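Participant: Please work from the sequences and hints to get the whole structure.
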Amino acid sequence: MENNIEPFEFKQCVSIVKSTGKYASNLSELRKLISRVGDESIFHHVYQYFLKGHMLEYTNDFAHWAGEHLEERALAERLSSIDPYTLKSVSEVRKELIREIDDFLSNFPEPRDVAPGSEFYFNETVSLVFPVGVKTRNLAEFLVAIGHIDAGSIYYHFYDSRVRLGEGVVDDFSRWIEHTLYRKKVADKIRAIDPFMHSIESREHIKEIVEECVRADMEGVED
Amino acid sequence: MIRQYSGIVPKGDLLLIQKLCDKLKGKSFIHVNSTREGGGVAEILQRMIPLLKDLGIDARWEVLEGDATFFEITKKIHNALQGNREKFTKKMWEYYYEVNRKNKKNINLNADAVLIHDPQPAALIDFRRKSSRSGKKIWIWRCHIDVAHPVSGVWSNLKKYIVQYNSAIFSVSKFAKSLPIDEFIVTPSIDPLSDKNRELTDREINEVGEQFGIPRDKPIILQVSRFDRFKDPIGVINAYKIVKKYNDCRLILAGSPATDDPEGEAILNEVRDYAGNDPDIHILLLPPDKHKEINALQRMSDVILQKSIKEGFGLTVSEAMWKEKPVIGGAVGGIPLQIVHGLTGFVVYSVEGAAFRIRQFLNNPDMAKRMGQEGREYVRNNFLITRQIRDYLSIWYCSMNKGKHVLEL
Numbered sequence: 001m002e003n004n005i006e007p008f009e010f011k012q013c014v015s016i017v018k019s020t021g022k023y024a025s026n027l028s029e030l031r032k033l034i035s036r037v038g039d040e041s042i043f044h045h046v047y048q049y050f051l052k053g054h055m056l057e058y059t060n061d062f063a064h065w066a067g068e069h070l071e072e073r074a075l076a077e078r079l080s081s082i083d084p085y086t087l088k089s090v091s092e093v094r095k096e097l098i099r100e101i102d103d104f105l106s107n108f109p110e111p112r113d114v115a116p117g118s119e120f121y122f123n124e125t126v127s128l129v130f131p132v133g134v135k136t137r138n139l140a141e142f143l144v145a146i147g148h149i150d151a152g153s154i155y156y157h158f159y160d161s162r163v164r165l166g167e168g169v170v171d172d173f174s175r176w177i178e179h180t181l182y183r184k185k186v187a188d189k190i191r192a193i194d195p196f197m198h199s200i201e202s203r204e205h206i207k208e209i210v211e212e213c214v215r216a217d218m219e220g221v222e223d
Numbered sequence: 224m225i226r227q228y229s230g231i232v233p234k235g236d237l238l239l240i241q242k243l244c245d246k247l248k249g250k251s252f253i254h255v256n257s258t259r260e261g262g263g264v265a266e267i268l269q270r271m272i273p274l275l276k277d278l279g280i281d282a283r284w285e286v287l288e289g290d291a292t293f294f295e296i297t298k299k300i301h302n303a304l305q306g307n308r309e310k311f312t313k314k315m316w317e318y319y320y321e322v323n324r325k326n327k328k329n330i331n332l333n334a335d336a337v338l339i340h341d342p343q344p345a346a347l348i349d350f351r352r353k354s355s356r357s358g359k360k361i362w363i364w365r366c367h368i369d370v371a372h373p374v375s376g377v378w379s380n381l382k383k384y385i386v387q388y389n390s391a392i393f394s395v396s397k398f399a400k401s402l403p404i405d406e407f408i409v410t411p412s413i414d415p416l417s418d419k420n421r422e423l424t425d426r427e428i429n430e431v432g433e434q435f436g437i438p439r440d441k442p443i444i445l446q447v448s449r450f451d452r453f454k455d456p457i458g459v460i461n462a463y464k465i466v467k468k469y470n471d472c473r474l475i476l477a478g479s480p481a482t483d484d485p486e487g488e489a490i491l492n493e494v495r496d497y498a499g500n501d502p503d504i505h506i507l508l509l510p511p512d513k514h515k516e517i518n519a520l521q522r523m524s525d526v527i528l529q530k531s532i533k534e535g536f537g538l539t540v541s542e543a544m545w546k547e548k549p550v551i552g553g554a555v556g557g558i559p560l561q562i563v564h565g566l567t568g569f570v571v572y573s574v575e576g577a578a579f580r581i582r583q584f585l586n587n588p589d590m591a592k593r594m595g596q597e598g599r600e601y602v603r604n605n606f607l608i609t610r611q612i613r614d615y616l617s618i619w620y621c622s623m624n625k626g627k628h629v630l631e632l
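Chains as they are written, first to last, in my numbering: chain L, 1 to 223; chain V, 224 to 632.
Worth flagging that the hints you see were computed from the coordinates, not collected in a lab. Some hints here could point you the wrong way.
Distance condition first, Cα-Cα at most 27 Å in a straight line; then the derived BS3-like pairs of lysine-lysine [said to hold, decoys possible]:
#: 1; chain 1: L; residue 1: Lys52; chain 2: V; residue 2: Lys592
#: 2; chain 1: V; residue 1: Lys533; chain 2: L; residue 2: Lys22
#: 3; chain 1: L; residue 1: Lys52; chain 2: L; residue 2: Lys95
On a predicted model such as this, the values are computed, not experimentally measured, just so you know.
Facilitator: Have a look at this one:
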């Protein structure tokens, strides 16, 4: 029967960084350029921040720069609170960034220019997507695969998919588990993982959920 | 050949290299630089060319030939691109162009992709065949040096060649310029299989310790770098002196003499004088090819510093991190890209800051170990040679598919 199941094919995304040649030395310049650069650059500095794997105090490059280089912690917190996964598109993210900066500038004096060498450099990426040669047909195989693949694969299926599919809320894993394996409860649990609150360590949470389900299946516990 | 890296580097990088080579199979890829040996560029080419050949790419490596006058001029160009004032005459630029023109006769530049490294051979683009300008042949200029604040006249002279390329590659975002061509960012890398980074046996490490007369009786602090002011060797000794009041330790300053720097000798003497008769300070002058010895010194150390006040990229930081060593680096050049402050090491801004972080590491071995392990993972994912090879092939492929932001393979 498993032969009839459409397998889940793991893919991976590798991003090559491209410079736009534009940079900002202060907050007004940053605001101006955020309003002008292409969607690809906003996408890179906000969504692909999750690919860095080291979630520290911030959730995007703009917030990081505001906190570490402009040394404006309040602005950094507010920019960090913009959750790109609850917004419908990159242009909405751009609007939110500008709104937060305008709001800050209307309440606080303009921060000084950053030290030379600490400017914000606007980049974008070209993404190369390729299959990693792993296909799974059931949850047990999926469990093995999820522990084995590179972080770039988790990013592609769990984060990038939300933008790629344009649905705003769905990841590739839960979609396959619900629509191919018909395991809605497992899919719902995976969907309940907040992508904004986790970096690539989402892998561990997905593993826990699937492992619990596989164990229950082995022990004959009903879904 | 690529299998040598399996189990060491990220699986995805190897897979993507293979997929790209499948797409580019049979195509020719030529690299041109100005030296066969010495330096990071030659090091990566020595590895990369056979590996690409093995994967079906017709890869070649050509070296630009020039006389002493030419290399004096290009050394000045190099220095001026890094912001140092140098005197240039029209004749010097003509000589530079003339050497490139002469080399055109000896170097077969007919290839599907041509990657020119650094300024020395940059003018070769002027001799690109007319037929290849509008065709699918890709010419890429790869800049390995810090061009954040170049002397403007020198940059504008070079720029007239650079804008003729299909794209340019810089090591760090802040080195990129506002150019009418695509500009990619590719950080440098280390080779985990080279003598400088491969695993060593305890015996090999001990032999180097004995060779340099370094007792292994107390914690060792190390900085590996050329003896020049930008690496702040005096600052490192000062930091050691502060630490020494609290923790007994040794300091090793190891590096090659800066032969192309007229100040090199003076600085070395200054460092020696400053160290005085302290038997726990070891100043080691090593020829640039003593890779295994550097490797062993790094592996026998407890804390590794790169307290530079000006830096290109500072790959010695990645070398140390790959060996799971806790690192402390100055917040300059590419060092903050390698050290995620508080996670893979510490970034410092002063002698006092360096001393404080050394003491933290010496007093918290668990923290030092944890950061060392995080550092190795960070290097594995970001600064190994396979990632750089992957990036070069990707840029070639992207240039063939210009304008697309997502490429499915």
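Participant: For every hint, state whether the structure bears it out.
Facilitator: Taking the hints in turn, this is what the structure says about them:
1. L:Lys52 with V:Lys592: Holds: Lys52 of chain L and Lys592 of chain V sit about 22 Å apart, inside 27 Å.
2. V:Lys533 with L:Lys22: holds (23 Å)
3. L:Lys52 with L:Lys95: holds (24 Å)
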